[in-house]
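Heads up: the protein sequence lines correspond to chains W and H, in order. All residue numbers for the first sequence refer to my numbering, where the first residue is 1 and numbers rise by one. All residue numbers for the second sequence refer to my numbering, where the first residue is 1 and numbers rise by one.
Hints are computed from structural coordinates only; laboratory data are not their basis. Predicted model only: the values in this text are computed from it and were never measured. All C-beta atoms in this analysis are idealised placements derived from N, C-alpha and C, irrespective of residue type, glycine included. You may find that some hints are simply not true.
Okay, the calculated beta carbon distance ranges per label pair [stated by the list, open to error]:
{"no.": "1", "chain 1": "H", "residue 1": "Val-22", "chain 2": "W", "residue 2": "Trp-478", "range": "31 to 41 Å"}
{"no.": "2", "chain 1": "W", "residue 1": "Arg-208", "chain 2": "H", "residue 2": "Glu-46", "range": "26 to 36 Å"}
{"no.": "3", "chain 1": "W", "residue 1": "Thr-93", "chain 2": "H", "residue 2": "Gly-85", "range": "34 to 44 Å"}
{"no.": "4", "chain 1": "W", "residue 1": "Gly-435", "chain 2": "H", "residue 2": "Asn-180", "range": "34 to 44 Å"}
{"no.": "5", "chain 1": "W", "residue 1": "Ala-426", "chain 2": "H", "residue 2": "Met-1", "range": "33 to 43 Å"}
{"no.": "6", "chain 1": "H", "residue 1": "Asp-33", "chain 2": "W", "residue 2": "Ala-46", "range": "55 to 65 Å"}
{"no.": "7", "chain 1": "W", "residue 1": "His-38", "chain 2": "H", "residue 2": "Glu-39", "range": "31 to 41 Å"}
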Amino acid sequence: MNPPVAPATGTGRIRTPLPFPTAAKPAVADTQLRANLHRATRTIRAKRARVVGEVPDWEALRDAGSAIKADVQRRLPELLEQFEASATAAGATVHWARDAAEACRIVVALTRATGADEVVKVKSMATQEIELNEALEAAGIAAYETDLAELIVQLGDDTPSHILVPAIHYNRAQIREIFQRRMADAPADLSDEPAALAEAARAHLRRRFLSARVAVSGANFAVADTGTLVVVESEGNGRMCLTLPETLISVVGVEKLLPTFTDLEVFLQLLPRSSTGERMNPYTSMWTGVTPGDGPQDVHVVLVDNGRSAVLADPVGRPALSCIRCSACLNVCPVYERAGGHAYGSVYPGPIGAILSPQLTGVADNASLPYASTLCGACYDVCPVKINIPEILVHLRQQAPHPPVERATMRVLSWVMRSPRRWAAALRLARAGAGPLGAYRERRTGARTLRRLPWPASAWTRSRDLPLPAPQTFREWWGKQ
Amino acid sequence: MSARDEILARLRTALADNPPPVQVPRGYRRVDDRSDVIETLVDRLEDYRAVVHRGIDALPRLLSDVDRLAVPTDVPAAWLAGYAGELHRDAPPLSPAALDDLDAVLTGCAVVVADTGTIILDAGPAQGRRALTLVPDRHICVVRTDQVVGLLPEALTRLDPRAPLTWISGPSATSDIELNRVEGVHGPRRLEVVLIGPDDEVVPVSPDDEVVPVSPDDEVVPVSPAGGSGA
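Looking at chain W on its own, in the form it has when it is part of the complex (with noise of 0.2 Å):
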């Protein structure tokens, strides 16, 4: 019996540089920006409430799916125990990966193993969240993206901003600008209608696929019992990727696990309507580990923790793990739709990376995240696996550290509120010292509101107005009717 080791936080891409608010100010008055997230995100909620409302039974798979991701999170350590060695048997070899810099090590290990100088990647957050890409490159190994939004993001010299269309913040005038600029065989009179900026793609990405002898993937959802790994796909890049190469090495979050095959039945229901708004995603492809002359003969899989075990130790915010990424919450979210996907910092924007992102790094590094929300409850209302953000984002605030003044001022008040003789004598005191200030403001801007106050209550004023007491209580007016 091995003695108590303690989670760990992660590392890699999980980290806002900069507060939420800070980040988000120049992302909200760029009108470019606003309209083209607009745009995407009103067509794809729209799409996706249509293909789910044709769905009777979408709640009985919600509340299916939610909790086989909590059966998986209580029962984690035996499940990848049973992953690891159903894979084995099936002839793939499973490494494991604490955190981000040895996940990159083996990756990079295991392609230099090969001779291989150059690898096709298959979209993955997995591989964002360690930095695989940098990695690589510090390692003379050039990794190409082939999904059309990663092709697009690493081109323009940019980071992701949507899990799902990465390249979400930009219009197609801006892509086919970004295609003119950094593709060397782009047609010279390239459209920017998207079929042709997909022709484009594909012939610029063939011939690199056909050669390819090393593949890295992630993968959406690996079955316990069977050892098998699940990739869900739109362009055909991710196949390409998954069979031609020799070499297969695929990154997988030790929460993807699923206990059995048959619980895909669930899943794959839930995730392409969830996220592109499909009854099914064009292509998905199941392997376990080697098939003799079908796909890559040398199938790898690194098994990464990178916070996890953290975010599994706090059974309140533990429901994060059962993300599918399927990014609707991101989709229905108005602070998304306004400040972008940059604004959050890491790989994981949205409401699902408000709670996620502060909890893989520990709440201290990324003390802004929880507050990155209006606590509307949409993202709650379409998640597939139905965990509660909204709950989960005002545990983690609790968790965050707040300024001296803020702590001291909250134990007065809830001191003063924990008696209503207090409360009256507070209120009372409040009317009297306001009074004559409410009248005049009143007066000279027509609210009983104060705009800006000094510090450090500035830092309340700052995006709020303070309302002043009114002349009466409810319960004094109530007296003298």
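Position chain H against the provided structure of chain W, taking the given hints into account.
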């Protein structure tokens, strides 16, 4: 301590609160009660821009404009009746570059889900290995009506998880530009489905064509000897 042992130990510590066992409620539909499963399938396939043809008789016409055709080694002879173009059997296995030079691939499938218009290949009879249906730009897929199920859960019970599985719903597409679906990226840009009855394979296309008689019990009969199964 190895990374493996350390991660497992961390996770065990994280579960020190001993969460209660979970009963998974499976109140969702696992069997379809629709009577018009085939009509649903056709509707869903066409909605995602696959082209649907009915009856084995449609095949010769479809293949007449294919100059170079890839087929798995065990393609049923009846499907190729009257085909006059260049036939490329996947034995020995065709290289990716060779596949890229061909005009189309003709295969069968394992299971089809009507509700989502999804064709599932499992490298079983008449399907070949995965690269075969990926690289050529046009995929012609023969679907027997007895391979069609209503809902996704019904399909999973018919599949072997250990086989390499490819689920196909319409031609290759992307939603990456302004979240609008556009057909035609890296996978086959044309997907054509030929729906046939369970016994259609034994019906000769025309009296002139040489057709190997197939017993109704056999799913497929390899045209060439040898032809290893894809799995």
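Hint-by-hint comparison with the structure:
For the hinted restraint 31 to 41 Å between Val-22 of chain H and Trp-478 of chain W, the CB-CB distance of approximately 50 Å leaves it violated. In this structure the supplied range 26 to 36 Å holds for Arg-208 of chain W paired with Glu-46 of chain H, their Cβ-Cβ distance being about 33 Å. The given range of 34 to 44 Å is respected by Thr-93 of chain W and Gly-85 of chain H, whose C-beta atoms sit roughly 43 Å from each other. The hinted range of 34 to 44 Å is not satisfied by Gly-435 of chain W and Asn-180 of chain H, whose Cβ atoms lie roughly 58 Å apart.
Ala-426 of chain W and Met-1 of chain H have their C-beta atoms about 57 Å apart, which leaves the hinted 33 to 43 Å range violated. Checked against the hint of 55 to 65 Å, the pair Asp-33 of chain H and Ala-46 of chain W fails, with Cβ atoms roughly 29 Å apart. A beta carbon spacing of about 38 Å between His-38 of chain W and Glu-39 of chain H agrees with the range 31 to 41 Å that was offered as a hint.
Violated hints for the displayed structure, listed by number in ascending order: 1, 4, 5, 6.
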